[in-house]
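Both chains come to you apart, so use the hints to assemble them.
Residue numbers (our numbering), protein chains in the order written: chain D, 6 to 364; chain X, 9 to 130.
One or more of the hints may lead you astray.
Stated by the list, open to error - Think about it this way: if two alpha-carbon atoms lie no more than 35 Å apart in a straight line, the pair counts; the simulated DSBU-like pairs of lysine-lysine are: (1) D:K316 with D:K273; (2) X:K65 with D:K80; (3) D:K273 with X:K92; (4) D:K320 with D:K338; (5) D:K273 with X:K65.
Said to hold, decoys possible - In silico contact screen, one side only, chain X against chain D (beta carbon under 10 Å); selected entries: (6) S86; (7) G98; (8) G113.
Hints in this document: simulated from the structure, not taken from any laboratory. Nothing here was measured: the structure is a model prediction, and the numbers come from that model. All C-beta atoms, glycine included, are put in the ideal place defined by N, C-alpha and C.
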Amino acid sequence: MSFDILCRQRTLYFLVKWSLAVCIALNLGACSRDAEPVHQEQILVFGTLVDITLWGVNDDKAQQATAAVISTLNKLHHRWHAWEPGPLTEINARLARGETVTLDPDQVEVIRGARELSRQSGDLFNPAIGRLIGLWGFHSDDRPSTIPPPAPQAIQQLVAQHPTMEDLHLDGNKLRSDNPALQFDFGAYVKSYGVDRAIDQLRRHGVANAIVNAGGDLRAIGSRGDRPWRIGIRDPRGPGILASVEIRGDESVFTSGDYERFFVYQGKRYHHIIDPRSGYPPDGAMSATVIYPGGGVGGGASTALMVAGPKDWLKVVRGMHLKQAMLVAADRKVYLTPVLAKRIHFEVDPPPTVIIGQP
Amino acid sequence: MMKLTRADWLVLIAAIALLPGLYAHYWGEQGPATTVRISASGQQDITLPLSGERRVKVHGPLGDSVIEIHAGRVRFVSSPCRGKQCVHSGWLSHSGELAACLPNGIMVSVLGRERQFDSINF
Numbered sequence: 006m007s008f009d010i011l012c013r014q015r016t017l018y019f020l021v022k023w024s025l026a027v028c029i030a031l032n033l034g035a036c037s038r039d040a041e042p043v044h045q046e047q048i049l050v051f052g053t054l055v056d057i058t059l060w061g062v063n064d065d066k067a068q069q070a071t072a073a074v075i076s077t078l079n080k081l082h083h084r085w086h087a088w089e090p091g092p093l094t095e096i097n098a099r100l101a102r103g104e105t106v107t108l109d110p111d112q113v114e115v116i117r118g119a120r121e122l123s124r125q126s127g128d129l130f131n132p133a134i135g136r137l138i139g140l141w142g143f144h145s146d147d148r149p150s151t152i153p154p155p156a157p158q159a160i161q162q163l164v165a166q167h168p169t170m171e172d173l174h175l176d177g178n179k180l181r182s183d184n185p186a187l188q189f190d191f192g193a194y195v196k197s198y199g200v201d202r203a204i205d206q207l208r209r210h211g212v213a214n215a216i217v218n219a220g221g222d223l224r225a226i227g228s229r230g231d232r233p234w235r236i237g238i239r240d241p242r243g244p245g246i247l248a249s250v251e252i253r254g255d256e257s258v259f260t261s262g263d264y265e266r267f268f269v270y271q272g273k274r275y276h277h278i279i280d281p282r283s284g285y286p287p288d289g290a291m292s293a294t295v296i297y298p299g300g301g302v303g304g305g306a307s308t309a310l311m312v313a314g315p316k317d318w319l320k321v322v323r324g325m326h327l328k329q330a331m332l333v334a335a336d337r338k339v340y341l342t343p344v345l346a347k348r349i350h351f352e353v354d355p356p357p358t359v360i361i362g363q364p
Numbered sequence: 009m010m011k012l013t014r015a016d017w018l019v020l021i022a023a024i025a026l027l028p029g030l031y032a033h034y035w036g037e038q039g040p041a042t043t044v045r046i047s048a049s050g051q052q053d054i055t056l057p058l059s060g061e062r063r064v065k066v067h068g069p070l071g072d073s074v075i076e077i078h079a080g081r082v083r084f085v086s087s088p089c090r091g092k093q094c095v096h097s098g099w100l101s102h103s104g105e106l107a108a109c110l111p112n113g114i115m116v117s118v119l120g121r122e123r124q125f126d127s128i129n130f
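Same shape as in the complex, but just chain X (with noise of 0.2 Å):
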């Protein structure tokens, strides 16, 4: 058995170094922790950080809904739709949670770390 140089070391070093970054940069979650994900029908989903402040004008059949982030939670503040039933969804923090405006075609929901369901029963 031969015995290992400072090289050697070195090499195998650097290769344990290397994985930790090697595991985050293919298998964490890019981007922050929590996300906030904007589909409306017929648009590209939009993806935005639940973090800072941010208002997003979101463009649907009826006319925009407005959607608010503030303080790692995110809501409706208003939509064109006549029964509100989005609006009165209220603020969402939680992974997995999720609010939709069917009659403008929106729905917004709350990514985790991980995708903890595939699929919302509701």
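So here's chain D without its partners, still in its complex pose (with noise of 0.2 Å):
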């Protein structure tokens, strides 16, 4: 072989190896920089944070879509909210009246998807108790610890007027109560629509992949790339992480608990859920989770079981056709329902005592 040949080959070696280690290197960049297009929001609106999370869509995509449902959620809140004046406080006076109320579309579908609910749940949820939920202070986005719980013949005589939403009577769209005690608060409700609507827009939007959390509850679509989303549940006590599930598809994971909103008086707790049976909250459990394919069952369900405690439970499991739910009882036990059992990881050492219920 003759010099000069060599000294090609050499350069020639050198060359391959260097485009080698840039390609390499490239390579890496490409992998992290485009690889997860994650889009992330957190925005004040409905009452709450909201968090958006996209994947997979590119910037205008993206803040196009954002836009979107913070325009959705903003018209939503002021529609559905339970005190501020608006429509529904209308329709409450009107009905406490006694007159007959013309609703909107998505009014009727709202109030007649509550009133199934309701039903399913032997009304645990009772969306129809605006006013126990008022006489509490829970009608205020920040009700002060210094003031007491209400007297004991005040909720007792909210609790005999009994409103629930078998009161109602609904005519195609005209509306009227028989029950003058009756007040809507959908309260967790309304967030399980609101998260729909929005995720209903995002698809619109041609997102396929993302997360919509509405303060704590959510429903997510697609996946996040190659791995599913992956969901961690709080822990009711703490600011940890109770559990975890992991999702793809579309599925809504929805929870309620005691120290979402609550105010403790002389050393007592009294939380935002009210039990339309008692008047007062129920502290039979910390938090109730559902999670289930889809939307729509969302917050009443999630309510319902905070109710039913440890002890009913399972009645609501089965009267609104769970699947999947949790309960963590006052005392820290977790019960679980079978297809929930299978796929739930704890995030706490040492893990909790899990009771199985069959519904």
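In structure tokens, the structure reads:
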């Protein structure tokens, strides 16, 4: 081999190796930058912190889709607010006067949906007890702890009037009520409705992989690229994570807890979920979580489970046809349906005592 | 098959030596291992290391919330809300933990080396 050829081969060898190194570097860069196009935005809307996570869309599309969701949630917030003057307080006032109210199609949809869930839950989810919620002072974003709980007689009086969704007469879009004590407060059910409308809005914008989390209640669609979405479920005591689930496809995860809105008066905790039977916050459970395909059931189911507590939670599971439910009881024992027990992963050490309930 | 010369070895070693650097640069977490993210409505998120001592005033619709970082932990010291649930949340130190003052639109969350969860249900 002549000296000349040897030289050229070496140069070639050098070139190949260096280009390889450069390629590897570029690939590494490309992997980390382009394979995870995640957009996340947190906004204060809908009376809570809404966290929108999108995967696999470009910046422009992400911004348009997010803006559309914010606008939708803003409108719903006003439309369904239980105490700020608006369409719902107007309906409440007119029903209380015994008038017949003409509803818009979306109002018919929400009232019908809530009535069905109320029936299935045996009235443990009862969106007709707005007066009771108001009496407890939870018709305020920021109830001070210095105000004592209401007088027992006042609570008794409202419980005795026993307003339920069965007091309603809905004929087409005409609504009236037999019970002047009926006052709507859709609570967490409006949150599920809002999250579902937000997901509709995202899909209309061509987003296939997303999570919409409204103050802790969420629905996830698609996946995060080649791995599922990972959802952490908060520990009802302390700021950490109790358990996690992975979601691929389209599922909602809704939790109600005694730590979300509460006040402590003379050492006792009073939270915002009221048992319609007693008029007091139930104390059997610290949190209740439901997971279900698609949207719809959400807030109504988790509220009913909180009210039912460990004694009656399976009745609610059966009545509302829930496949996946978890109840963290006041003694920290965790009650699970078999389907959820199979997929949930506890993130606390040691893991809690688990009781599997057969629906 | 050509024999590797000293120069070839040099190139190979240099390329291999570069790899950890590249990995750290592109895949590794930027900055310290654990960080705090403070989100306030209508404002850019603030990301701070969970080490050292620091007090941050964050302005919200009700006024200023004070957040303290101390010895690898973070908490709400005070907030102009009436319920004070954010202050009752106490110290946060583990990845994924969060505390929020909803009336004042401020959320504090601890982020780990790797984002463990895409979203938190509560």
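Hint by hint, here is what the structure shows:
{"no.": "1", "hint": "D:K316 with D:K273", "in the structure": "holds (22 Å)"}
{"no.": "2", "hint": "X:K65 with D:K80", "in the structure": "holds (31 Å)"}
{"no.": "3", "hint": "D:K273 with X:K92", "in the structure": "holds (16 Å)"}
{"no.": "4", "hint": "D:K320 with D:K338", "in the structure": "holds (18 Å)"}
{"no.": "5", "hint": "D:K273 with X:K65", "in the structure": "holds (31 Å)"}
{"no.": "6", "hint": "S86", "in the structure": "violated (15 Å)"}
{"no.": "7", "hint": "G98", "in the structure": "holds (7 Å)"}
{"no.": "8", "hint": "G113", "in the structure": "holds (4 Å)"}
In summary, the one numbered hint that this structure violates is 6.
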